Amino acid sequence: MSETSSPPSPISRFLLNDDHGINGHAPDLSFDGAEDILRTWSRGIRPDPDLTVSEWADKHRWLSSRAAAEPGRYRTARTPYLREIMDALSPGHPAQRISFMKAAQVGATEAGNNWIGFVIHHAPGPMLAVLPTVEMAKRASRGRLDPLISDSPALRERVSPARSRDAGNSMLSKEFPGGILVLTGANSATGLRSMPARYLFLDEIDAYPPSADEEGDPVTLAEARSTTFAHRRKVFLVSTPTIRGLSRIEQEFEASDQRRFFVPCPHCGVMQWLEFERLRWEKGRPETAAYACNACDTLIAEHHKTAMLEAGEWRATASAADPHHVGYHLSALYSPIGWKSWEQIAREWLAAQGNDEMLRAARNTLLGETWVERGEAPEWQRLADRREVFGAQIPEGGLFLTAGADIQKDRIEVDIWAWGRGLQSWLVDHIVIPGGPDSPAAWTQLTKLLGRTWQHANGAVMPIAKLAIDTGYEAAAVYAWARAQGFEQVAPVKGLEGFNRATPVSGPTFVDATVGGKRLRRGARLWSVATATFKIETYRFLRLERPEEDQPDPPGMIHLPDWADSEWLKQLVAEQLVTVRNKRGYARQEWQKLRERNEALDTRVYARAAVWIMGADRWDERMWRQLEDQAGVAAPETATTDAAEPVTDPPARQAGRPPTTPRRKRQTYTPRFMR
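Positions 30 to 704 (our numbering) are the ones given, in order, by the sequence shown.
Rather than coming from a laboratory, the hints here were simulated on the basis of the structure. Certain hints may be false.
Restraint ranges, calculated between C-beta atoms of paired labels, are given here [to be verified]: (1) Ala380 to Arg415: 27 to 33 Å; (2) Gly644 to Arg572: 38 to 44 Å; (3) Asp351 to Arg415: 38 to 44 Å; (4) Ser535 to Arg102: 41 to 47 Å; (5) Asp242 to Asn323: 44 to 50 Å.
Cut-off 27 Å, straight-line C-alpha distance, at most; resulting in silico cross-link-like pairs (DSS-like, lysine-lysine) [as the list claims (entries may be wrong)]: (6) Lys599 to Lys438; (7) Lys312 to Lys438; (8) Lys523 to Lys477; (9) Lys438 to Lys477; (10) Lys622 to Lys599; (11) Lys622 to Lys438; (12) Lys622 to Lys523.
All values derive from a computational prediction rather than experimental measurement. Note that CB positions come from ideal geometry on N, CA and C, so glycine has one too.
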């Protein structure tokens with residue numbers, strides 16, 4: 030509103046028209062500038078305009094070229110589906126809990142940033158923004174919040190530059206008149222309990238760890254910060270979903286009123302929400318992708334999408350137990366023109382066929398839906414029919430060995446696995462050492478196993494590169510033995526519940542150990558393993574079918590020797606993944622035993638964890654070539670059918686040692702077991 034059109038306030042009218050003035054004396058308004066003072070005073074006591082978050086963003090938000098693909102003034106009209114979500118975050122909206130389950134790159138994080146800007150400018154108060162890790166919080170501060178503040182004048186004048194020592198503007202803390210914004214990671218219990226917060230922005234909650242520094246669920250810890258604000262609080266939970274039954278955002282969405290964005294068909298006008306099953310294209314031609322109307326079945330070309338989004342509206346499809354909880358779901362089918370096209374969605378979906386990992390990513394990031402894990406084990410009889418006769422202890426494709434050790438009350442069970450390219454694996458040996466953790470002889474036998482070698486098909490011999498040993502039973506004895514052997518070849522591990530595909534093994538962390546009755550602070554290095562992730566992978570690999578003759582085995586193929594008996598095979602498939610519901614009705618997935626003994630599955634998981642700890646999941650081509658050279662195996666690109674006799678190393682030579690050629694000036698990393 031311009032100054033000339035501003036109506037005079039009641040106070041200024043009183044000062045100008047009341048003959049009595051103040052204390053019986055009429056005000057002296059004869060001096061120069063009196064009208065300017067009164068006009069400024071009147072403007073200063075006028076309340077701020079009652080804007081919603083979307084209106085604030087359209088009026089005050091500027092997108093930086095450093096953080097946005099389309100820099101310039103923010104326009105909610107570009108993503109109309111975000112308008113209601115942002116407005117639900119406004120103080121005047123009755124919703125207190127807003128959950129948004131969505132596909133990747135639909136503008137959800139920018140909506141959260143608009144809310145941050147609105148709070149700083151129009152509704153100041155304590156605000157906590159939580160990302161999966163502290164490092165991600167720092168990146169978000171540099172890459173998104175700093176441009177948000179510096180490029181929006183309304184915010185720049187309220188948050189002091191970080192250069193100033195007393196500015197209150199640091200990497201993870203932004204002070205402003207009437208409030209403060211604190212950023213932290215879900216992996217930091219200290220950050221989650223640092224302050225009371227009226228506003229909570231919980232971003233990508235499905236990527237949060239199961240527990241924050243082993244102090245509990247990060248979402249629960251964060252929400253505890255807002256309890257004192259009662260009905261005035263706002264909690265915004267955002268994420269791309271992950272696995273059915275384990276996804277936090279799916280649980281939140283199912284507990285809400287489950288709103289979906291309905292858009293009109295340009296042909297018949299019927300309102301409907303877009304479902305991937307109705308995206309059609311000609312076989313092998315994703316460029317022909319179009320959407321089939323749910324009512325008239327007419328194909329809708331993508332150029333209609335802009336008008337459809339403008340006329341769209343959110344509609345609740347369920348009733349929430351909490352009337353103050355609203356939830357939204359959105360797939361990439363709604364992406365505006367110029368972002369993710371229907372053709373791109375079709376291409377990515379086609380490219381993912383036949384690969385569970387790519388299908389899972391497509392379902393999560395394109396459809397915004399959870400992935401249903403196949404946790405059923407194959408029948409042990411089918412595995413028995415697939416057993417092979419190995420020509421040597423370690424077949425041709427095996428390039429290094431890892432072992433998994435499971436500690437029982439009266440024995441130690443160890444399985445040794447050989448690993449090759451593409452994580453193909455071969456069961457090399459199964460050893461049962463009598464005597465439990467109280468038996469010195471058992472530990473002596475396990476120590477001797479570390480120095481033993483197995484012969485490769487090409488004549489080289491291989492030791493165990495890494496042995497992962499479970500600490501779930503008699504951890505003190507395991508720590509003492511592992512310290513005595515050194516942590517280069519031995520990795521004590523602890524199983525954790527839950528799935529973590531990005532980092533299924535974390536650590537090591539230093540834990541206290543008791544050796545010879547003496548407690549050593551930080552005396553052992555412990556690795557934490559998300560066992561569910563490797564069990565899912567193992568069962569997926571076991572379901573792979575053998576290829577036709579003369580065809581290469583698929584990546585991940587598990588090869589079982591003919592000496593593997595029925596008891597061992599039954600132990601390998603002794604668990605299944607089931608969905609259970611808690612008292613509140615939330616579903617989650619957990620592994621349950623089908624039979625009492627499951628040591629073969631446990632040792633397989635530990636041996637696989639050892640592969641991860643060694644870094645084999647991230648090795649480059651140089652590392653694999655070096656292993657193949659030492660084992661005398663021809664690389665896939667150079668293998669021929671009419672090759673000469675295979676290279677045979679002397680039996681005394683251990684595979685895994687690098688060639689004796691001089692090192693280059695730029696040194697490259699070589700694992701210790703290969704030196």
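Hint check results:
no.	hint	result
1	Ala380 to Arg415: 27 to 33 Å	29 Å, holds
2	Gly644 to Arg572: 38 to 44 Å	27 Å, violated
3	Asp351 to Arg415: 38 to 44 Å	51 Å, violated
4	Ser535 to Arg102: 41 to 47 Å	43 Å, holds
5	Asp242 to Asn323: 44 to 50 Å	48 Å, holds
6	Lys599 to Lys438	21 Å, holds
7	Lys312 to Lys438	59 Å, violated
8	Lys523 to Lys477	23 Å, holds
9	Lys438 to Lys477	20 Å, holds
10	Lys622 to Lys599	11 Å, holds
11	Lys622 to Lys438	19 Å, holds
12	Lys622 to Lys523	19 Å, holds
Going down the numbered hints, you'll see the structure goes against 2, 3, 7, while the others check out.
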